[in-house]
Each structure stands twice: as structure tokens, then as C-alpha cells.
Amino acid sequence: MQVQDIIAKAQAATGLNDLGDPTVREGLERLVAASDAEARLSTGGGERWEANLVGTLSNRLRVVDYVARHPEVVEQPVDRPLFVFGLPRTGTTLTINLLSADPARGCLMRWEAMHSAPPAKAGEQRTDPRFVAEREKLAMSVKHMPHIAAIHYEDADGPTECQYPMALSFCSQIFESTVNVPSYRDWFMGADYLPAFKFHKQVLQVLQSQNGGRWVLKNPWHPLFLDALTSVYPDAQLVMTHRDPVEVVGSACSLLRHVRPIFSDAVDLREIAAQTIDTFDHMIARQNAFRDKHGQDAIHDIQYSDQIRDPIGQMRKLYARFDEPFTPEAEAAMTRLLADNPQGKHGKHEYSLEEFGLTAEGVRRHFKDYYDRYLPSARS
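Quick note on numbering: the sequence shown equals residues 15 to 394 in this note's numbering.
Where hints are given, some of them may not hold.
Restricting the straight-line Cα-Cα distance to at most 16 Å, the calculated cross-link-like pairs of lysine to aspartate or glutamate (EDC-like) are [as the list claims (entries may be wrong)]:
#, residue 1, residue 2
1, LYS215, ASP241
2, LYS331, ASP311
3, LYS212, ASP241
4, LYS151, ASP171
5, LYS212, GLU89
6, LYS151, GLU168
7, LYS215, ASP35
8, LYS212, ASP249
9, LYS331, ASP315
10, LYS212, ASP93
11, LYS215, GLU86
12, LYS331, GLU345
13, LYS157, GLU168
Cβ-Cβ distance ranges computed for the label pairs, FRET-style [as the list claims (entries may be wrong)]:
#, residue 1, residue 2, range
14, GLY137, ARG330, 28 to 36 Å
15, PRO36, HIS296, 23 to 31 Å
16, THR373, ALA136, 47 to 55 Å
Calculated from the structure, these hints are not laboratory results. Beta carbons are placed, not taken as given, at the ideal position from N, Cα and C, and that holds for glycine.
Using the sequences provided together with the hints, build the complete structure.
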């Protein structure tokens, strides 16, 4: 796998040449080098991984081209976007789904994240051929990989994660989750995230030029880069979800356990556990530092147990926190969403800490400071 081959294939697929900000090459080069040297890709997995990278770069090329031809789109503000984040498996998906049900808001639809330019024409987000193709692709995934759908499922027109537009800069946690690339991971943990967020904003500006609504966005990994996020979005509204790490760690490891075999026949469960816990440590430490700098209430917190018990009540509190009107239309839409999507709709997710060489006692001990600060009642 060669960087120049990936660039050439993306350019051939799109008929476009301009990659935009040249900093994109560093992440791509580091990712490709790590993929070759460390990812233990299978033959088929290597082909799929290269196709993934070519598709990601093709999407970037189209966004760069669209902005070059429509420079006015990047003059439009992204007003008070709301970002949901938290350790993975803490209820970020439920939170963003509820928020996205509000007819006054707009989310980053999965199909739009994969095919961002040109934007769908006004009112055609659910009739655009790219939406139809993504819906069919997801239906096939559910058929052939139902175990992954049971862990994490997204509709083609449902909200997806900011890691996809960040991936267009090859500075995204999604890559080191999907395959084992420790040298890329080391670079990513200390990278300059500003270029990725600046491009992330351009993606939103392209999409909102045709279909508006106040943005609600989600990415569990945002605690890693809150300083860069708020530099690009200074009026961002920040929401963090919390859940007992004993539940979170095993669930997150299980997701990677099922994703990585798509690309590699040599998946090490203890390696997954070590990387997952280390990433969580970084996430907790960085959002702690952000709060220490800006105040504890710089981020609105939601407890998973409260969200499950009274989701509408938690939404009402969130809207009040940011002085937003919680309209009857929003409440009715959220209530319908809950009725139509009961927990476990796509199957039951079963996992254990022990299969990853972990214990509940060890997890509680490791995350003692997090428990004390955010979940004091969950340590028993």
C-alpha cells in the first residue's frame, strides 16, 4: 500500500486533484505506513482497508472542489452547534438521536458524512440517490453482520459521528479503532487537531447551504480535542454522558473485537483492552483539564442511569441549561422516537470483561478518580 497510489486512485475516481490543506498528507502518510507495518491486514482486509482510504480521500476531494466553486458557503456561520460526547457506550447515541428528533435541529446524517459534496438539494436528503445507496448498504450489513448492528447501529438518514468528517483530514480516532496501528495512534494522540476541525466546519457549511437547522453533533472522542473544537466553534454547547466504566470498558472492547476481524485475522483481545483503557485515560484527563480551565459547568453532564430512567426529563434539563426552548413539537418527536426504537431493537449485545483479561474490580480501581468526580454512587 502506497500513499501515492491511494491519492492517484482517489483522483482517478473523482476526476479531481486538489487535496486542499497540505497538512492532510502527514496523517495519511503516517496511517499508511502504520497500516503496512503494524495492522496485520489479511489479504481481503488489506483490499478493503485501501478501498476505505481511497473512498475517504475521494470524499475530501469533492468537498475541496465544491468549496472552491462555491466559496460563499464558508462565509456562513455555524451557529451554536451542540456537541455530545463521552466515553463510548455511555448513551451518546441515545442523546444525539433524541436531539436530532427535534424538527428545529439538524444532524450530520450518516450518508452525508460518507458523501458530503455536493450537498443534497433542499428537502431531498431522503430521496438523494446517495441516501438510497447507503440505506441498501446498511441493510446488507445488518443481514451479514447482525452482531455489529446489535452493538451499534445507524440509519442512513440518522445521526453519525464527527469522526467521519475528521477522517477526511486523516486525523481521526476511527482509524486506530478499526485496525491496530500503534505508531499512528501515538501520532494522533499528540496531533494538531485544528486543521481537522477547520475542515470539519467546511463540511458542515457545505451541507447547511442547502438544508438548514441548528447543528447537533456527536463523537465520543471529542474529549481528546476540546481546545481545538472550541477554537473553531467558540459558541459550542458541550454535553458529556457518563456511565459506570465496568459497563463501558467491556462494551467498547467488544465493539472493536467484532470490527477488527473485517480487516485482520490476527486480533489480540488484550491489545484491544490496553489501547481502549489508555484512550479513556487520555479522554478523561483532557476533559478534566478543560473543566479546570473553564469551569466545571463548561460542560453539561448527563448520567446514563438518569437518561435511561427519564430521557425526556433529561432533554428538558439540557435545553434549560443552554436557555433553549423545549417546544411541544420537540417533545412529541422525541417521544415518538423512543416508542419506535426500544432498547435492543437490533439485538442483544453480550460481552464480558474477562475475555479481555480484565476484571470489574480492576476497572473500578483503575478509574477511581473518574468515579469519585463523576460517579460517586456507582463504586459500590
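Which hints, by number, does the structure contradict?
-> Checked against the structure, no hint fails, so every one of them is satisfied.
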